[in-house]
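Chemist: Those protein sequence lines, which keep their order, are chains A, B and C.
Heads up: the first sequence runs through residues 0 to 351, numbered per numbering that gives the first Met the number 0.
Heads up: the second sequence runs through residues 0 to 192, numbered per numbering that gives the first Met the number 0.
Heads up: the third sequence runs through residues 0 to 374, numbered per numbering that gives the first Met the number 0.
Simulated from the structure, these hints should not be mistaken for lab results.
For clarity, every value in this text was computed on a predicted model and none was experimentally measured.
Hints should not be assumed to be uniformly reliable.
So, partial list: chain C residues that the calculated Cβ filter (under 10 Å) puts toward chain A [to be verified]:
(1) E59
(2) R208
(3) G352
Across the chosen pairs, the derived CB separations fall in these ranges [as the list claims (entries may be wrong)]:
(4) A:P64 to B:R37: 55 to 61 Å
(5) C:S256 to A:F302: 38 to 44 Å
(6) B:R106 to C:L186: 49 to 55 Å
(7) C:R180 to B:A133: 46 to 52 Å
We treat Cβ as the ideally placed atom computed from N, Cα and C, and that holds for glycine.
These are the residues of each chain, in order.
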Amino acid sequence: MERGPIESLVHRLFAGLYGIPVLGWLIPIVLVLGMVALAALVLIWLERKVSGHIQSRRGPLHNGPHGLLQTVWDALKLLVKEDIVPSSADRLIMLMAPFVVFTPAVLVYVVMPFGKGWTVANLNIGLLWVVSVLSLGPVGIILGGWGSHNKWSLLGGMRSAAQLISYEIPSVLALGAIVMMAGTMSMDGLVAAQDQYEFVLTPPGLIAFVVYLVTALAELNRNPFDLPEAESELVAGFVTEYSGFKFAIFFLAEFANLLALSMITVTVFLGGWQPPSVLFFLPDSAQLPGVFWFAIKTTVMVFVFQWIKWTLPRLRIDQMLNVCWKGLIPITLGNLALACVWLLLTEKSWAR
Amino acid sequence: MAFSLPQYSWRELWEKGWSGFVTALKGMRVTIRYFFSRPTTVVYPYQRLELPVYYRGRHRQRVDANGIPWCIACGSCARACPLECIHIEASANPEPPDTKRRRKLDRFDIDLARCMYCGLCAEACPQDCLMLVADYEYSAWRPQDLVAPLSVQLRPEPLSEAELRYRADPASDPAPAKPKPPREASAGEGGEG
Amino acid sequence: MAGQTQVGGDPFEEMLVNMGPQHPSTHGVLRLLIRVSGEYVEDCRFHIGYLHRCHEKISESQTYVQNIPLSDRLDYVGAVPNGWAQCLAVEKLAGLEVPARAEYLRVIAAELQRIASHLLFVGTMGTDLGAVTMFLFGMREREMVIDLLEAMSGARLTYHYIRIGGVARDLPDGFAERAVRTLDTVLSRIPDYDDLFTNNRILRERAERVGVIPAQTALEHGFSGPTLRASGVPYDVRRCDPYGIYDRFEFDVPLGSNGDVYDRFTIRLREIEQSSRIVRQALEGIEGVGGPIRTPIKGRFRPAPGWAYAHVEGARGDVGYYIVSQGGDSPYRLKVRSPCFGNLAGLEHLIRGWKIADVVAILGSIDIVLGCVDR
Chain A
0 MERGPIESLV
10 HRLFAGLYGI
20 PVLGWLIPIV
30 LVLGMVALAA
40 LVLIWLERKV
50 SGHIQSRRGP
60 LHNGPHGLLQ
70 TVWDALKLLV
80 KEDIVPSSAD
90 RLIMLMAPFV
100 VFTPAVLVYV
110 VMPFGKGWTV
120 ANLNIGLLWV
130 VSVLSLGPVG
140 IILGGWGSHN
150 KWSLLGGMRS
160 AAQLISYEIP
170 SVLALGAIVM
180 MAGTMSMDGL
190 VAAQDQYEFV
200 LTPPGLIAFV
210 VYLVTALAEL
220 NRNPFDLPEA
230 ESELVAGFVT
240 EYSGFKFAIF
250 FLAEFANLLA
260 LSMITVTVFL
270 GGWQPPSVLF
280 FLPDSAQLPG
290 VFWFAIKTTV
300 MVFVFQWIKW
310 TLPRLRIDQM
320 LNVCWKGLIP
330 ITLGNLALAC
340 VWLLLTEKSW
350 AR
Chain B
0 MAFSLPQYSW
10 RELWEKGWSG
20 FVTALKGMRV
30 TIRYFFSRPT
40 TVVYPYQRLE
50 LPVYYRGRHR
60 QRVDANGIPW
70 CIACGSCARA
80 CPLECIHIEA
90 SANPEPPDTK
100 RRRKLDRFDI
110 DLARCMYCGL
120 CAEACPQDCL
130 MLVADYEYSA
140 WRPQDLVAPL
150 SVQLRPEPLS
160 EAELRYRADP
170 ASDPAPAKPK
180 PPREASAGEG
190 GEG
Chain C
0 MAGQTQVGGD
10 PFEEMLVNMG
20 PQHPSTHGVL
30 RLLIRVSGEY
40 VEDCRFHIGY
50 LHRCHEKISE
60 SQTYVQNIPL
70 SDRLDYVGAV
80 PNGWAQCLAV
90 EKLAGLEVPA
100 RAEYLRVIAA
110 ELQRIASHLL
120 FVGTMGTDLG
130 AVTMFLFGMR
140 EREMVIDLLE
150 AMSGARLTYH
160 YIRIGGVARD
170 LPDGFAERAV
180 RTLDTVLSRI
190 PDYDDLFTNN
200 RILRERAERV
210 GVIPAQTALE
220 HGFSGPTLRA
230 SGVPYDVRRC
240 DPYGIYDRFE
250 FDVPLGSNGD
260 VYDRFTIRLR
270 EIEQSSRIVR
280 QALEGIEGVG
290 GPIRTPIKGR
300 FRPAPGWAYA
310 HVEGARGDVG
320 YYIVSQGGDS
330 PYRLKVRSPC
340 FGNLAGLEHL
350 IRGWKIADVV
360 AILGSIDIVL
370 GCVDR
């Protein structure tokens, strides 16, 4: 297994010391946490700018260049706000909920290939790790909905549970087609399998991409699937009773998730850190380092998610379940078969 | 109460799904177009919209060349006000500036927090002295700070060209009657009260 | 904090949820007490009165002239027709004639107000169904129409434009061209609304066959306005009981067929087009009509004893004013027939059996304004 620059450096310094590369774990953790926090601040600003310009507004404008520091002040305001807990709330569960939501959102980054060899841990079950860790997030939402002792929160939590159960299945099935085509679950392996062309350019890959976009929207609780928060229906859903620091953590987790899912989409469908195959005519000297391609593609995906969110109305809960069980699952199952046919046609073996 | 979900055939589901996909793309085409078009909002404290000169904002009293308001303390405005937010006290003027202004204002308070800016007071004014101008920036921390005394209502600067089109100038008319704006013939509620 | 403990039924199946008066989509301060079984609404009760301002009682202590600005506060997003109804009743009572030019101005103001109000409805329908962009689009176009009304009256929300015996002020210079230009812009944006929202599959799923009000039920409950016409009943005061000079204009009364949320939504979009037709005709018609814009009132205004009822087609329905005079300075009794109250009252058991999300959609589709409901 190739070691990334960070890893190899630290290994050279600390390898063999107690047999545990302590710094090799600590530095990436700090880097990833810092990146997530910083990226979330920028993403919140981006969300407000994108929504503003889509709606013929301007968005934040006054703090920093183009309002870039607005989120920082908002975060500071949330941190110094009084932390209000309803008297009848379950304090422990209500306190746990934001962290249960936030932790998986950060854990996903462990397997993310940011660039060539830039992976904290190159697990051979990387995609499985991503899927399983991401499905933990809604548990926190359910906890928050229950612990707040508010009926709107409870309804939001219940909707989130229904959404979790439904949308994990087509999500995994859509990724399954890609795993079949790549023959590996390792995130690095998935990127390497796309060195000729991206999976999104193959018919089963395209279908899986569209389906995965839809399920990602559902996992992110974004329009048209923002039912757990559903501002006009459930006041604020599971965050109704949250304020101050805990609310900020929920907010941070939401945008960490947005970034994570964009990165996963880029890695699995859009060729990861490799330059887009449609730009094959570019000479090698004009190539950017992989991490730049990764950042560019991720930004585009984030924009697409925000673009969709600010366009579509919200589905009703039964329609959302219908879309999943009667629409997406048959499509993804058929897509698995299509992937088999595609593999046979392109004469690729199951295992590399 | 029994509830039942609608049942759809596979064909209907496919049509719904496909049209959902297509119409979502259509909607996204609209939003991306507006994303790249100019915002329509005005950055308020730095830019301002142009209001018509007859906009009903806060009250002003017009004054003559010596800085004395044209008000004759008749009390028409206070009687016309539906909310009774104008308070007038007047006494005999020892040296009246003209034959009409024989009474001097001691107090002319308008409770701007109570006022609903209907403009009935300005219409009732026989001197065309009281008027509502396009000024809307007078917020205060406490409601009682919004009671405007006469001193802040005076408007020493003469009317602009645009304003003169809608309000007659009492100075130009030795015995100012009801103002007659260009096309507004004989408007008025009469002195009710 | 939502609700009290469960009452009746199975405590593990049912939940009593208090929706409002601080709920974001009850369009003001309506309070709904809904008993839900999961997401389904088993029972619903409306509690109104959070915005009660004693409009009718206050009117008995003020003069007729002073009462007119209060009418703007009833239906504050569709203010002009309220004032029109009240002035019409007073004019009937006092036998006042309205100058021809004022009649045109009244039509222009009322139809612009209808457009502004319906644009706001289009926007709030968007937020109720989760499409926030639609809300901002609706507000953006409404703002342009409000600019026109501001140019006419000098205020942006409570215009106090229609007065007893006429209107407040004449059109400013260049108004006609400006109005036509604005209306062109507004109409040119409606295809965008269609692409973004009206034809969107998700909206159709959310709105079609949801909250169906059959024509018979709508009539029995005293619905009016677009809510009634969406059910297919061709009742429009402008047609059925023409007031002012509406009989001179050419316009269609859009009718729905199903009476569902989608019909109530699209019918307002079509009414925007019809209203702009009327405004264009009125702007052409007013060219040749000069003369005064208000009949002067001589002395104190004291209508002869008697009563009068006048109703007009407001943005939300049939606005009626019933005024009794005993010959004094102020009315002896003033009663408002508010369209929102009628539309809301019949809704209580029509939203049983739908989901919470549908309650929001149905409530939004009848376009209530709580200032109009509570008075």
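Chemist: Decide, hint by hint, whether the structure agrees.
Modeler: Hints and how they fare:
1. For C:E59, the interface hint is violated, the least distance from its beta-carbon to any beta-carbon of chain A being 39 Å, above 10 Å.
2. For C:R208, the interface hint is violated, since its Cβ never comes within 10 Å of a Cβ in chain A; the closest pair sits about 12 Å apart.
3. The closest approach between the C-beta of C:G352 and any C-beta of chain A is roughly 13 Å, which is over the 10 Å cut-off, so the hint fails.
4. Between A:P64 and B:R37 the CB atoms are about 20 Å apart, so this pair departs from the stated range of 55 to 61 Å.
5. For C:S256 and A:F302, the Cβ-Cβ distance of about 41 Å falls inside the hinted range of 38 to 44 Å, so the restraint holds.
6. At about 53 Å, the CB distance of B:R106 to C:L186 agrees with the hint of 49 to 55 Å.
7. A beta carbon spacing of about 23 Å between C:R180 and B:A133 contradicts the range 46 to 52 Å that was offered as a hint.
Violated hints, in rising order: 1, 2, 3, 4 and 7; the structure is consistent with all others.
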